[in-house]
Amino acid sequence: MYKLILPKRYLLRRKITYLAILAVALCVFIVVVVMTVMNGLVEGFRDKNHDFVGDCIISTDSLVGFPYYQELLSRLETEQYILAISPVAHSYGLLSRPGSDQNLGIEIMGVDPIRHSQVTGFGDFLHYHKNDPVAAFTPRYATDRMGCVVGIDKMWWQRDRAGVYTHSPTPPQMELILSTFPLTAKGALARADLDAVLTESFLYSDDSHSGLVKVDGNMIYIPLEKAQVLFGMDGDTPRISAIHIRFTSGTNLTAGTNKVRDVWGAFVTDHQNRTYADLLDHVRVESWIVNRRGAIAPMEKEQTMLIFLFLMLGVITVFIIFVVFYMIISYKSKDIGILKSVGASSADVVEIFLRFAAFVGLLGAVLGAGIGCAFLVRINDLEGWLFTNFNWQLWDRSVYAIGEIPNTIEWEVIGLIIAFAVLACQIGAVIPTIQAARRRPVEILRVNQV
Amino acid sequence: MSQILVSKRMFKSYRMGQSRLDVLKGIDFAMKPGEFVAIIGASGSGKSTFLHILGALDKPDSGEVYFENQRLDRFRGGQLNHFRNKMVGFVFQFYHLLDELNVLENAVLPAMAATGTFGWIKQKKAVTQRAKELLERMGLTQRLRHKPYQLSGGERQRVAIVRALINQPTLLLADEPTGNLDSETGRGILMALEELNRDGQTIVMVTHDERIATRAHRIVRLVDGIIVENG
Ligand SMILES: Nc1ncnc2c1ncn2[C@@H]1O[C@H](COP(=O)(O)OP(=O)(O)OP(=O)(O)O)[C@@H](O)[C@H]1O
Ligand SMILES: [Mg+2]
Numbered sequence: 001m002y003k004l005i006l007p008k009r010y011l012l013r014r015k016i017t018y019l020a021i022l023a024v025a026l027c028v029f030i031v032v033v034v035m036t037v038m039n040g041l042v043e044g045f046r047d048k049n050h051d052f053v054g055d056c057i058i059s060t061d062s063l064v065g066f067p068y069y070q071e072l073l074s075r076l077e078t079e080q081y082i083l084a085i086s087p088v089a090h091s092y093g094l095l096s097r098p099g100s101d102q103n104l105g106i107e108i109m110g111v112d113p114i115r116h117s118q119v120t121g122f123g124d125f126l127h128y129h130k131n132d133p134v135a136a137f138t139p140r141y142a143t144d145r146m147g148c149v150v151g152i153d154k155m156w157w158q159r160d161r162a163g164v165y166t167h168s169p170t171p172p173q174m175e176l177i178l179s180t181f182p183l184t185a186k187g188a189l190a191r192a193d194l195d196a197v198l199t200e201s202f203l204y205s206d207d208s209h210s211g212l213v214k215v216d217g218n219m220i221y222i223p224l225e226k227a228q229v230l231f232g233m234d235g236d237t238p239r240i241s242a243i244h245i246r247f248t249s250g251t252n253l254t255a256g257t258n259k260v261r262d263v264w265g266a267f268v269t270d271h272q273n274r275t276y277a278d279l280l281d282h283v284r285v286e287s288w289i290v291n292r293r294g295a296i297a298p299m300e301k302e303q304t305m306l307i308f309l310f311l312m313l314g315v316i317t318v319f320i321i322f323v324v325f326y327m328i329i330s331y332k333s334k335d336i337g338i339l340k341s342v343g344a345s346s347a348d349v350v351e352i353f354l355r356f357a358a359f360v361g362l363l364g365a366v367l368g369a370g371i372g373c374a375f376l377v378r379i380n381d382l383e384g385w386l387f388t389n390f391n392w393q394l395w396d397r398s399v400y401a402i403g404e405i406p407n408t409i410e411w412e413v414i415g416l417i418i419a420f421a422v423l424a425c426q427i428g429a430v431i432p433t434i435q436a437a438r439r440r441p442v443e444i445l446r447v448n449q450v
Numbered sequence: 001m002s003q004i005l006v007s008k009r010m011f012k013s014y015r016m017g018q019s020r021l022d023v024l025k026g027i028d029f030a031m032k033p034g035e036f037v038a039i040i041g042a043s044g045s046g047k048s049t050f051l052h053i054l055g056a057l058d059k060p061d062s063g064e065v066y067f068e069n070q071r072l073d074r075f076r077g078g079q080l081n082h083f084r085n086k087m088v089g090f091v092f093q094f095y096h097l098l099d100e101l102n103v104l105e106n107a108v109l110p111a112m113a114a115t116g117t118f119g120w121i122k123q124k125k126a127v128t129q130r131a132k133e134l135l136e137r138m139g140l141t142q143r144l145r146h147k148p149y150q151l152s153g154g155e156r157q158r159v160a161i162v163r164a165l166i167n168q169p170t171l172l173l174a175d176e177p178t179g180n181l182d183s184e185t186g187r188g189i190l191m192a193l194e195e196l197n198r199d200g201q202t203i204v205m206v207t208h209d210e211r212i213a214t215r216a217h218r219i220v221r222l223v224d225g226i227i228v229e230n231g
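Going line by line, the protein sequences match chains H and G. My numbering applies: residue 1 is where the first sequence begins, and numbers increase by one. My numbering applies: residue 1 is where the second sequence begins, and numbers increase by one.
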C-alpha cells in the first residue's frame, strides 16, 4: 500500500516535482510540434510528387523519345492491375509574347488531358477546368482556337505575399508563342534547312498548380498530338517520351512496377529487329518514388538530419530528466534507507520510485502533447494573425510553394513521443534508485542524519 | 538453544583515506531470549555501530553474528528483508521517520511493507488498532494526523518506538530511546519497555545515562572498541 501512497505524496508535496513535470512537458511540446510540421512537409511533398507522376512511369530522358508506343499501350491496357495509362511527349522550347522579343526557356509537356487526369492529379491542378479536364485546352474566350495550360508560377503576377493566387472570374485573354526545335528519330534537327525552329501560337486557357516549384515555374501543357508535331515525334513512326501509369487500388507499388517492367521487357524483345530499336535502350521503368528521387531525396535528407538533431535534443531531454530525478531521489535517499531498514526489498523501493517517475512522465508528456496539439491546431491562425497585425510571417508565400504550415496530427507519432518521454523518466529514476537501494541502510541514513 | 543473539570476535573499522579507524575491536557478546540489556559507553565508542550490526543494518568486517543460531552476517536478499521486517524492531538515535507520511502511517509502515495492497486491506483494521493503542501509550493520541515536521524531537522518538513495535518483533533494538526526552516522559517510556520485557520482549537498549541503565537486567560497557563490563 505504501508503494501507492508514497509516489502520490512525492508527487503532490514537492515543488521540484512540478518543475520536473514542466520540464518534461516542455520537451514533449517542442518535439511534438517540430515532428508534426516536419513530417507534414515531407509527406505533403511526397504526395505532390506522387500526384504529378502517378504510380509508375515508363520514360526516357532522350528528347527523341521512343517509337512503337501504340503497341505498348494496347499491351498495357490488357493488364489487370493497371487502372489507367497516359502517353506523354516531353521536350523543351522557348516562350514569348506577341510584340516582345523576350523569350523564356520552358518545358513543354504534351498530354491527353482526360487520360492524364486519370493517372495523375492533372485535372485537380487546373483552375478554370478543375476536375473538368476534357476542355482543358479549349480557351473559354475562343473555343475554336488551340489552348495551353501554363504552370501557375509562370503567371507570376497572380500571387500576393500571403501566398494566395488571385484568379479573375474569367480566364485572362492572352496569346503565348512556343518555339521548338523538332528532332528526327536519329536525333538530328528535323528542320535544319528551314532555320530549325517550329513556332506555334497558343491561347492561355488555364493554369496548373501542382505544388512542385520546378514544375509550376517551368511547365506548359499542350495537347499530345500538337506536341508530337512540335518535337518532331510525329510521322511514320510516331514517338513519345513517357507513359504514366496508375495501378488499381491495392496493388503493391514494387510488385506493380516489376510487372510493368516485365511487359516492357517482352515488348523490347519483340521489337529488337525493328528500325530505331536502339531508341528503346535508354527507357526506364520506375515507380514514382524512384523517378522523383532527385526531388524527394534532399527533402528526406533534411528530415533525417532534423530527426538526428532532435535525437540529440532527445538525449539532452533525457539527461535533464535524469538530473532532475537524480536530485529528487538523492534528496529522498533517506527514505530509501528507512524503507530498507523496515524490511522493504530493493525491488519494492525501485517500484516506488518508478511509479513516481511514471506519474511525473505521464503527466508531463500528456500535458506537453496536449499543449502541442492545441498549438498545432491554431498554428496557421496564429501565423495569419501575426501577418495581418505585425506583417510578420514564417516564410514568404510568393517565393515558396508551401501555402500552409502542415499540422495534421499523427496519433501514432504523439503516442510514441509520450512513450519515449515516460521511458526517459523511468531511466532517470531507476539508476539513482538502484544505486541507493543497493547500499546498506545505515550508510544512507548516516549521511542524512546530519 | 539458549542464546537468541551472539557475536564472536566482531570487528568493524572505517577507512578514511590512508588511515583506518577501528571502532569495534573484537566484541564477544551473548544474550538470552527475554533479556533486557543496556549498552553504555562514551560518545563515539561504537554503540550505534554495534547495534546496527545486531539489527542487520550494517555488516561487521570480520567475526560472527548469530540470531537464533543462524549466521545473521550472512543473511541476504529476502532473508534479510524478512529479518528486518519481522524479527527486529529498530529505534534509531535520530528517529528517521518518512516526512511525507503522518504519525499513524509512519507507525504502520513495517506492517505495510510486509504485505501487498490486498493483504494490507485485510489487515489494516487490526494493525491500525494496534498502532493507535501503542501511540496512546506514548501519549500521541492527539497527533495521529500530524507530519513529522510538526512534532518535537521527543514526539518523533516515540513514533519511532511505536513503529519498531508494530510487527511484534522478537528483538527490540533501541538506540538511545530516551535521549531527547525529559525525565518524566523518559521514565514513562522506560516503564513501557519494562512492561514489554515482562511480557517476554527481548530488548537491547543503548544509553549513556547510568541511572536508566540500571533498570536493565544487565549492563554492557563499551570502552575503546571492546566490552569491559558484562553484568
Ligand atoms: N561511516 C563512517 N565513516 C567513518 N567513521 C565512522 C562512520 N560511522 C561511524 N564512524 C565513527 O565510528 C565511531 C563510532 O560511531 P558510533 O555512531 O557507533 O558511536 P556512538 O557510540 O553511537 O556515539 P554516540 O553516543 O555519540 O551516539 C565514531 O568515532 C564515528 O566517528
Ligand atoms: Mg550512537
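The set of hints was computed from the structure by calculation and includes no laboratory data. Where hints are given, some of them may not hold.
[Unchecked claim] DEER-style ranges, computed between Cβ atoms: (1) G:Ser13 to H:Ala358: 37 to 43 Å; (2) H:Met312 to G:Glu68: 30 to 36 Å; (3) H:Ile5 to G:Gln142: 53 to 59 Å; (4) H:Glu300 to G:His82: 30 to 36 Å; (5) H:Arg440 to G:Ser183: 33 to 39 Å; (6) G:Asp28 to H:Ala347: 35 to 41 Å; (7) H:Met312 to G:Lys122: 48 to 54 Å.
[Claimed, not checked] Per the computed footprint, the stretches of chain G lying under chain H, defined by three or more beta-carbons under 8 Å from a beta-carbon of chain H, are: (8) 56 to 62; (9) 77 to 87; (10) 133 to 139; (11) 178 to 190.
The structure displayed is predicted, hence computed values, not measured ones. Just so you know, even glycine gets a beta-carbon here, dropped at the ideal spot from N, CA and C.
Check each numbered hint from earlier against the structure, then list the numbers of those it violates in ascending order.
2, 3, 4, 10, 11
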